[in-house]
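Those sequence lines, one after another, are chains U and C. Just so we're aligned, residue 1 is where the first sequence starts under my numbering, counting upward by one. Just so we're aligned, residue 354 is where the second sequence starts under my numbering, counting upward by one.
No lab work stands behind these hints: they were computed from the structure. Among the clues, some could well be false.
Below 30 angstroms or equal to it, Euclidean Cα-Cα: the simulated DSSO-like pairs (lysine-lysine) are [as the list claims (entries may be wrong)]:
| no. | chain 1 | residue 1 | chain 2 | residue 2 |
| --- | --- | --- | --- | --- |
| 1 | C | Lys-679 | C | Lys-455 |
| 2 | U | Lys-133 | C | Lys-759 |
| 3 | C | Lys-452 | C | Lys-679 |
| 4 | U | Lys-223 | U | Lys-210 |
| 5 | C | Lys-515 | U | Lys-223 |
| 6 | C | Lys-455 | C | Lys-515 |
| 7 | U | Lys-210 | U | Lys-256 |
| 8 | C | Lys-515 | C | Lys-679 |
| 9 | U | Lys-133 | C | Lys-515 |
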Amino acid sequence: MSDHTEAILSAVREAGARQCPLYISAGGSKQHIAGRRCDAQILDISAHRGIIDYQPGELVMTARAGTTLVDIVAALAAENQILPFEPPQFDGRATLGGTLACNLSGPARPWYGSVRDTVLGTRLINGKAELLKFGGQVMKNVAGYDVSRLQAGALGTLGIMTEISIRLLPRPESTITLCYEMSAPESVAMMNQRAGQPGPLSGAFWLDGKLYLRISGAASAVKHTADLWGGEQLDHVQDLWAQLRDMSLPFFAGDKPLWRLSLNSSALPTGDPAQTLIDWGGAQRWLRGEFSLPELQRTAQSAGGHATLFCGGDRNSEVRPTPGALAQRLQRRLKYAFDPQGILNPGRLYGWL
Amino acid sequence: MSGTPPHYHQALVERLQHCLPAHCLVQDTESQRVFDCDGLSLYRELPLLVALPETVAQARQVLQLCDELGVPVVARGSGTGLCAGAMPHPEGLLLGLSKLDKIINIDPLARTARVQPGVSNLSISEAAAAHDLYYAPDPSSQIACSIGGNVAENSGGVHCLKYGLTVHNILSLELLTVAGEQLTIGSEGLDSPGYDLLALLTGSEGLLGIVVEVTVRLLPRPEQARVIMAGFDSVAAAGDAVGAVIAAGIIPAGLEMMDRLAIQAAEDFAAAGYPRDAEALLLCEVDGTSEEVAQHSTRVSELFRSLGASSLTVSTSEAQRALLWKGRKSAFPAVGRLSPDYYCMDGTIPRSQVTHVLQEISRLSGEYGLAVANVFHAGDGNLHPLILFDASDQQQIERAEEFGAKILELSVAVGGCITGEHGVGLEKLAQMSSQFSELELLQMEDIKHAFDPQLNLNPGKGIPILKRCQEYRALPNRQQHE
Ligand SMILES: Cc1cc2nc3c(=O)[nH]c(=O)nc-3n(C[C@H](O)[C@H](O)[C@H](O)COP(=O)(O)OP(=O)(O)OC[C@H]3O[C@@H](n4cnc5c(N)ncnc54)[C@H](O)[C@@H]3O)c2cc1C
């Protein structure tokens, strides 16, 4: 539980001097998912961990990037608070830094916000081995560009985050899960209709012919909404949501490639329902099977979103669609602004970055 | 404007006449005066030209032309900004987006609205009301301010404690680069591959690109909402009550505080029934299903009573709720009636520091001999001290500015920041270095270069430019007070 900032700084300085790129690793839980394969020398920052400041009354926590989510969640539980974005904990190995770098959020995301939405500030080391601080520990801060949120989904290609401040939520007083038997298209319609009504929805996913709705909040509101919405009330299903969050449901097992589609939540489902899991109230869809990225990207694009090869498959080629020339140019320039020598996680996000 | 016009003046005028109809070009000084400042009227400047495109294609052409001729471009929405962000550049073009004011589409099932940048914040919620939906961020200026301006400032409002700021409530943008190229940022999904340009652009104050379309998320209108208003005998007691609500596990839809001077001004203005004798006032809104609202309003009332509230009112109708908010939402103009001018600060602090900071502000108020009314987004720590002064007295202007700067430095010193929602603009440039190191400012400058290599978008605002920019065009008379 100690501060290794100096050691990380000197590792980046040395990598720069020797022009020897680094692959940033903490818990190692996401090395083979989310991005492309990166063969650079591993910089293990897992020792840089520990909660630095936690003020339950401010709903704010600051922790070192290598802190595991399990440790954070345990500290929050003692104060009856939660991480709003319900991130995958991946056997306890997932860290706060890796979660923000991959922008991974769980079932509550459409209602409580993503990890990107929750971040208030970061300290990071850029490719020039400069230690920089952006944002802060307060809820609102619009001084300067939002460099903290820019790290979300950048897969560590712009900087090594060392400290992260996040906003927290009180634990909802009560939670009920409702279950309905229906087809995928019916479930998408229902998820969107319910999300448009003023009930305290906090999760909505469809798998194997069943729609699961989770409602959380004040006990009175949860009970009233459950009565109003009908369906079968499931007891003791905390595990079900935890497995969905951690991607450990049987649906995710095996080594068929796993594709992620991020879409307009109301888009009609396509593809084989047996190989599909619909989460985030329709906005995130998982697909198993052998597809080509351009083929799935066409489908996703017509539904207002994009496809990624999240896990498995060929991780030496692109796993995300290649943006147009202008977007490429701007992203290259941004990369250059943070990491002119290309030291940090080269190729992890795109082959050309 | 002073001195000789820049060499490109003639060419710019001639070629603009080819891209824009005559009524979209404002050339004469008298007609340009309405554009010479934003909501912070201490800072004024006349532009070389004002262009008011009616289509995105026209806006593109204007930008292409300015890029070719090296003309500075300042975007303007409704001009309600409070940091001189939309103040014109004397050698540049002011690009007004107010004529791009159409609501393109509302998708009730997916709960989104696609709108042009000049659409006012409130009119989105008005249009969505037919579907029982609304756009959550509600700046007090929402009748007037534009959604493009909201994106550029990452604006908040009294309901952002629960529902977030602009950055949490938008899905995508159509952006024009400084060279007039068009780019879609974000998507209809909840995230996009690659760098999160949506986050970077939100709050970038017109320095990285021009927003010409916004897709916002809409939320279902809560079944019910109720305001609990409580008066307290001290600011400290009100501060404790704020902490107690959060500690009870309730995230109110809004949680606002006002001090004595602000209470009285607002009551004179809106006659909302505020307790004139209270030292501090809390307005706490709880919303949700009617059961939830009943449960939470009972709990909050109990908390306020047990923490010594000297008066307590719970709204019983929509009309009463609206009236209680009216006092708060008109606090700035209300305070404005107490004095010829007021200067609104925007620091954010950790909630636990509120008593200390308000005491310090009161001490400084004595030191500078200028009264202050405090309006405060208490739930999220965003302070709006309003410094009262008379702008016809140059000395008072200087004292007000120095006092304001002290408040911002104090906010940083207690772990907060210099601006929670109003932005840096021209006004807070000097305070940027109290919040950021030189290396941090240089990193931001590099980001600016990535989007705008010639530094032609809103030059001289937002980020102090420190180095290697001898070509950089500073504002000639940085602060022209009138
Ligand atoms: C009485 C009053 C109350 C207020 N209350 C609040 C409040 O509660 N919360 C809050 O956050 N703010 C508040 N404000 C501040 C202000 O209303 C907001 O900052 C608002 O978002 C500005 O919008 P605008 O359209 O007026 O922008 P402008 O003032 O015209 O411009 C603001 C900035 O945005 C840039 N810009 C404008 N349009 C675009 C575009 N399309 N593309 C790129 N850049 C653009 C400009 O260059 C400028 O830097 C208040 C202001 C007043 C006067």
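| request: Any hints from earlier that this structure breaks? Give me their numbers in increasing order, please. | output: The structure conflicts with no hint, since it agrees with every one listed earlier.
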